[in-house]
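Put chain D with the ligands on the given structure of chain A with help from the hints.
In the order they appear, the protein sequences are chains A and D. Just so we're aligned: 282 in UniProt numbering is position 282 of the first sequence, and the numbers increase by one with no gaps anywhere. Just so we're aligned: 280 in UniProt numbering is position 280 of the second sequence, and the numbers increase by one with no gaps anywhere.
Watch out, some of these pointers could steer you wrong.
[Said to hold, decoys possible] The calculated lysine to any residue pairs, modelled on SDA-like cross-linking and capped at a C-alpha distance of 25 Å, are:
hint	chain 1	residue 1	chain 2	residue 2
1	D	Lys117	D	Ala160
2	A	Lys218	D	Glu291
3	A	Lys293	A	Phe139
4	A	Lys218	D	Lys117
In case anyone wonders, no lab produced these hints; they're calculated from the structure.
Residue strings, one per chain:
Protein chains: 2
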Amino acid sequence: MAEPLFGRLCLLGVGLIGSSIARIARQRGDIAGTVVAHAKTPSTLERVRELDIADVVEADAARAVEGADCVVFCVPVGANAAVMAQVAPHLKPGAIVTDVGSTKMSVVRDLGPLLPKGVHLVPGHPMAGTEFSGPDAGFPELFQGRYTILTPLPGTDPAAVEAVRELWRRCGSMIETMDPATHDKVVAIVSHLPHLLAFTICSTADDLAEETKEAVLKFAASGFRDFTRIAASDPTMWRDVFLNNREALLEMLARFTEDAQALGRAVRWGEAGFIEDRIQRGRKIRKGLIERKQA
Amino acid sequence: MAEPLFGRLCLLGVGLIGSSIARIARQRGDIAGTVVAHAKTPSTLERVRELDIADVVEADAARAVEGADCVVFCVPVGANAAVMAQVAPHLKPGAIVTDVGSTKMSVVRDLGPLLPKGVHLVPGHPMAGTEFSGPDAGFPELFQGRYTILTPLPGTDPAAVEAVRELWRRCGSMIETMDPATHDKVVAIVSHLPHLLAFTICSTADDLAEETKEAVLKFAASGFRDFTRIAASDPTMWRDVFLNNREALLEMLARFTEDAQALGRAVRWGEAGFIEDRIQRGRKIRKGLIERKQA
Ligand SMILES: NC(=O)c1ccc[n+]([C@@H]2O[C@H](COP(=O)([O-])OP(=O)(O)OC[C@H]3O[C@@H](n4cnc5c(N)ncnc54)[C@H](OP(=O)(O)O)[C@@H]3O)[C@@H](O)[C@H]2O)c1
Ligand SMILES: NC(=O)c1ccc[n+]([C@@H]2O[C@H](COP(=O)([O-])OP(=O)(O)OC[C@H]3O[C@@H](n4cnc5c(N)ncnc54)[C@H](OP(=O)(O)O)[C@@H]3O)[C@@H](O)[C@H]2O)c1
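With the rest of the complex left out, here is chain A (with noise of 0.2 Å):
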C-alpha cells in the first residue's frame, strides 16, 4: 500500500459528501493515518461513531484542526465563515485548507481573509451528489469517474494544489482547475439553476387545486417526475447555495425567463417556426451530451 498521503486529515462536516470521503479514506489506507471527523450536533457525532467511518470523533472545531496536515470543509456554504472563525487560530502551519461546497467564490471570501500566515487554501468542488444528506447517505463509490473542480487563486503552492488533486483522484475522481469566477457561472446552468426550476415547479403543482394536485402526483410520469427527482434535496444546503451564487444565479434565471417568455409569447400568436427552432436546440444540445457520453 501507497503512503499515506496525509498523516491526519480532518473534515469538519460528516454528511453526504464528508461521510463518503471518510469511507474512502477508511477503505483505502493510503489517504490519511488517522481521519478526524467532527460535526454540529450531537446526534451527528453520535451516528458517525456507531458507522465507525472515522478514527476520531471530535465535538469541538478547534480541537477538530489540530495538527491536522488536511482540513477539508464539508459543511453548507453558508456555514463556512463561522466555522473558519472557530479553527483558524488552531490550524497547523503549513497545513491544507480545502472544501467541497458548491459555489466558489463564496467560499474565497469566506476561507481566505481568516486564513493564517503559511497555511494553503485550495477550493474544490466535486461534481457528485445525490438529493440525500446526513452520515447516512454517504457511500465510496460517490465520487468514482465524476469531475471534481478545484479552483486555486493565483500563486498558491503548487505542492498543496497537487496534494489536493492527488486527494481527489484517490477518491476516483477526474480533475478540473478553473477560476472561481467561472465556476460559479458553469454551476449556476448547469446545477443551481435546474434546481431552482425544479423547487419552483413543484411549489407551482402544489398550489393547484386539491383535485388537480392529485392527478398531477397519478400521472407524474410523463416529465414531472424527471423535475422532481432534485427538488428532494437538502433546503440548508440549498439555501446557503442560492445565497451564496446569487450574481450567477439571478443571472441565468433572468437569461432562462427570457427565453420561457418568449417561447409562451410564440405559443401565444402560433408561430410554429420559432416554436420548432427551440425544440430543435434541445435535440441539438441533448445529442451533444451523449456523443459527450455524459447523457
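Quick look at chain D with the ligands alone, frame taken from chain A:
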C-alpha cells in the same frame, strides 16, 4: 384465445404510439382480426412493411378506414382535422373513432364536427411515451402499467366506450376517465410545462458563450442532464401539442413564471425563510410521489 375485440382495426399513423399498438395486436391476436396501418410518407409505409407489424399497409387514408370497426388516430394532433376530412365520408356506420393525442379539447374540436351520424367518438390519451419517434421506436411493453385517460363526451354510446377501455386493457394499460378540459389542465402541468421548460433551458445553454457551453456539456450530470432527456422529443409532435393546448399551457407557464420570479426575488434579497419554504414544498411533492410509487 379470446375472440378478437374488433374485426378490422385501422391505425392512422404508425409512429411510436401507432406502431406499439400494432405490435401488441400482432403479438396478442385478440385485439383485431385484421390490422390496417396508414402513414403519410412512402418511406414510413415501406418501413412498416419491412417490420411486418400490420396485415395491410395502405397509402390512401380513405381506403385505410374502409370497413374498419375501430379507427385510431395516431398522428400529431395538428394533423387530426386534415386526416379526418379525408376519411370521414368513408367511415363504416357504427364504427368507433378514437385517438391517442396528447391534447383532448382540440381533438373534440377537430374530429367532432366531421363525425358521421352513427359513428362513435371516444378520445383517449395513453400516458406513456419516450423521446423517440417513428415506426422503429414502438415496442409492445410501452403501455404496460401506465394510465390511459379517456375523455368521452356525455351521451356517448356506453358500448363504444367499453370497447375502447377493453382495447387499452389488452394493451396493458390502466384506465381513467375525465372531461377533456380537466385532462388538458392536468397534462399542461404534468407534461407540457416540463417539456417547455426543458426545451427552454437547452436554448438558454445554447446561447451561452462557446467556452461556458462546452463546460455545461462536460458537467451536465449535476442536474442539467435530467432536464435534457425529455428535450430530445419530436419537434412536430410537440409543436402541435403546444399549439393545441395553448390556454392551459400559458396559464401554467404564467403561474410558474410568477413562482420562479418570487424565488429569484427571495434570493436577491436574502430571504432565507422563503427559500427554505420553497425547497420544503419540493420535498413534500416528491414524498407524495414516492408514497404513490410514482417516483
Ligand atoms: N449534496 C450534494 O449533492 C453536494 C454535491 C457537491 C457538493 N456539495 C457541497 O458539500 C457540502 C456538504 O454537503 P452535504 O450534502 O454533505 O451536506 P449534509 O449531508 O447536509 O452534511 C452537512 C454536514 O455539515 C455539518 N454542519 C452543518 N453546519 C455545521 C456547523 N456550523 N459546524 C459544524 N458542522 C456543521 C452537519 O452536521 P450536523 O448533522 O451535526 O448538522 C453535517 O455533518 C455543501 O457545501 C454542499 O454545497 C453537496
Ligand atoms: N411520443 C409520446 O411520448 C406520446 C405519448 C402519448 C401520446 N402521444 C401522441 O400520439 C400521437 C402520435 O405520436 P407519436 O409519438 O407516435 O408520433 P410519431 O412517432 O412522430 O408518429 C407520427 C405518425 O403519424 C403519421 N402522420 C403524420 N402526419 C400525417 C398525416 N397528415 N397523414 C397521415 N399520417 C400522418 C406519421 O407518418 P410519416 O412518418 O409518414 O410522417 C407517423 O406514422 C401524437 O398525437 C402525440 O401527441 C405521443
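Hint check against the structure, violated hint numbers in rising order: Those not satisfied come down to hint 4.
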